[in-house]
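Q: Sequence:
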Amino acid sequence: MAKLYFIALAITCLLPALCDGKPIVLVSPLCPNGNLDKDTIDNSVLKVVNKYREDLINGTQKNGALNQMLPPPKGMTQLEWGCELEQKAMTTLNGMCPTDEPADPDGLATLFSVGYDDFPPPTPDTPPAQLLSTSINTLLGNIEFNPLNVVSQGTVSKTVTFTGPDSLKDYAEFMRPQTTQIGCAINKCGAPDYPFTIYCIGNTKTIQVGETVYEGLTDPIKSCADVTCPTGTVCNETTYICVNTTSAATTTPMLTTMSTATSTSPTSSSPTTSSPTAAPTTTMPTSPQAEFPGGGAGGGMCSSVYNYADRMTDTLRNEYVRLHNFRRGLLATGQIPRKDGKYLPKAANMWKMSYDCTLEEGAVKHASTCPSALSEPSSRQGIGENLKTFPATRFDFNTAAKKSVTEWWKPIRDVNYFENVVVFRPFHDGAPISSFTQVGDLLVKTSIYKQ
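Residue numbers for the sequence shown, in mature numbering (1 follows the signal peptide of the UniProt record, and there is no 0): -21 to -1, 1 to 430.
Think of the hints as simulated: they come from the structure by calculation, not from any bench.
Where hints are given, some of them may not hold.
To be verified - Using 16 Å as the maximum straight-line C-alpha spacing, the simulated EDC-like pairs for lysine to aspartate or glutamate come out as follows:
#1 Lys137 x Glu80
#2 Lys167 x Asp104
#3 Lys148 x Asp104
#4 Lys381 x Glu298
#5 Lys148 x Glu123
#6 Lys26 x Asp16
#7 Lys184 x Asp83
#8 Lys53 x Glu33
#9 Lys148 x Asp375
#10 Lys137 x Glu190
What the hints assert, rightly or not - Per label pair, the in silico range of CB-to-CB distance:
#11 Asp18 x Ser351: 47 to 55 Å
#12 Glu190 x Leu353: 38 to 46 Å
#13 Thr134 x Leu45: 41 to 49 Å
#14 Gly74 x Leu353: 33 to 41 Å
#15 Thr134 x Ser202: 17 to 25 Å
#16 Ala82 x Lys325: 50 to 58 Å
#17 Lys325 x Pro84: 32 to 40 Å
#18 Asn73 x Thr225: 43 to 51 Å
#19 Pro209 x Thr39: 19 to 27 Å
#20 Lys184 x Asp79: 17 to 25 Å
#21 Gln360 x Gly189: 17 to 25 Å
Beta carbons: idealized from backbone N, C-alpha and C, even for Gly.
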């Protein structure tokens, strides 16, 4: 009988803080003594954040990975630019490039980014507008992987609260109707791995666990009669967003938000272990920058297989199996779409993945070196491999697991392959789609780490 195997690893590679930077100053800054111009502010900051608010209003914002939607808000405000907040962000960065998020002395909501996962990756020559929009999208996009808590209040309202994890904090803070202004600063940095630092500040206090993000409705918003706008704002009859009364007359139907200079069914399986064997006594090459997930003391289910099994936890092992089997279930039932919106054909023989500790040993060995590329094929005869890296400042081990699985499955959304039969062709080898073909194969060895 064929048996499915799955192996995953998450470790962290910590790099030293970057100190020297240069503020990016555009030709015609919007604000007095500011750095960013109106076009960059409107299209790369405000439009990005307000698009997430628009999705809430329209009831199309996914709440986590299970295709459940967040409820529409009773009254969502339109985000505007704050010149004083921009100055505050500039002062906080002070021309530096920290890799750890600076603490705002007033405890205000913040967004912080020193890089993002994209191809091609950002470079010192990447336009500031692209750096801002992609970074903010990446931070707020965590709502696609982890859900906010939604509690029904009777039959007419729902309360959306923040209960963690930390990766959702950015989204929660900048989806609050009380957050009506944002200001950002961006510095160019010298290191190729961290070519920029972005720091944004909102005009509300940082959210605490258990606090409300917004009050929601149980029914869709069909007109401004369904909206209750905060004092000082009015409902836009086209977008149903609550706009500041001083700018309502110039608000356009699209939620681009022109800036104003004011003072953002499938089932999972339980992993199975390999047959117990004596753990070999070998020395594993390890990067001095490597940091491993906590909670792996003793090696868990792989303790008898190899000496370094404590570099992985049973929680993460179970999570990777669950995440992949959930998607394999969708694939088996014809629920995975291609780029053109058509669904991949249903699978007649989709097997459920289980976990193999012997495969884990090979993944741990490679990932412990903090690699930037796949291992040599000669070191893993007949075994496939996926690798994904993440900046340590953006993800913890749990969110990196969800993000990596999403990234490995995502390439199918960008192509129109496999209309009638799903067959791996030679031209797929080395292409982005190869990560998708491996996570749906019989034998999978995956290895991820954050850096």
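Q: Evaluate each hint against the coordinates.
A: Checked hints:
1. The hinted pair formed by Lys137 and Glu80 fails the criterion: a straight-line CA distance of about 33 Å is larger than 16 Å.
2. For the proposed pair Lys167 and Asp104, the alpha carbon gap of about 9 Å is at most 16 Å, so the pair holds.
3. Pair hint Lys148 plus Asp104 does not hold up; C-alpha atoms about 30 Å apart against a cutoff of 16 Å.
4. Restraint check: the Cα-Cα separation between Lys381 and Glu298 comes to about 8 Å, which is no more than 16 Å; the hinted pair holds.
5. Annotation: proposed proximity of Lys148 to Glu123 holds, straight-line Cα distance about 13 Å (limit 16 Å).
6. Pair hint Lys26 plus Asp16 holds up; C-alpha atoms about 14 Å apart against a cutoff of 16 Å.
7. At roughly 10 Å between alpha-carbon atoms, Lys184 and Asp83 fall within 16 Å of each other, so this suggested pair holds.
8. For the hint linking Lys53 to Glu33, the alpha-carbon distance of about 13 Å falls within 16 Å, and the restraint holds.
9. This hinted pair checks out: Lys148 and Asp375 have alpha carbons roughly 13 Å apart, not beyond 16 Å.
10. A hinted pair counts as satisfied when its Cα atoms are at most 16 Å apart, and Lys137 with Glu190 qualifies at roughly 14 Å.
11. Between Asp18 and Ser351 the Cβ separation comes to about 35 Å, which falls outside the hinted range of 47 to 55 Å.
12. Hint check: Glu190 to Leu353, Cβ distance near 43 Å, so the stated range 38 to 46 Å holds.
13. Checked against the given bound of 41 to 49 Å, the beta carbons of Thr134 and Leu45, roughly 23 Å apart, lie outside it.
14. Roughly 38 Å separates the CB atoms of Gly74 and Leu353, a value that falls within the hinted 33 to 41 Å.
15. Take Thr134 and Ser202: their Cβ atoms lie about 20 Å apart, and the range 17 to 25 Å holds.
16. The hinted window of 50 to 58 Å between Ala82 and Lys325 holds, with their beta carbons roughly 51 Å apart.
17. As the Cβ distance of Lys325 to Pro84 is approximately 56 Å, the hint placing it in 32 to 40 Å is violated.
18. Here the CB-CB span from Asn73 to Thr225 is close to 32 Å, at odds with the stated 43 to 51 Å.
19. The hint said 19 to 27 Å for the Cβ distance between Pro209 and Thr39, and at roughly 23 Å that hint holds.
20. Against the hinted window of 17 to 25 Å, the Cβ-Cβ separation of Lys184 and Asp79 comes to about 21 Å, which satisfies the hint.
21. Separated by about 52 Å at the C-beta atoms, Gln360 and Gly189 break the suggested range of 17 to 25 Å.
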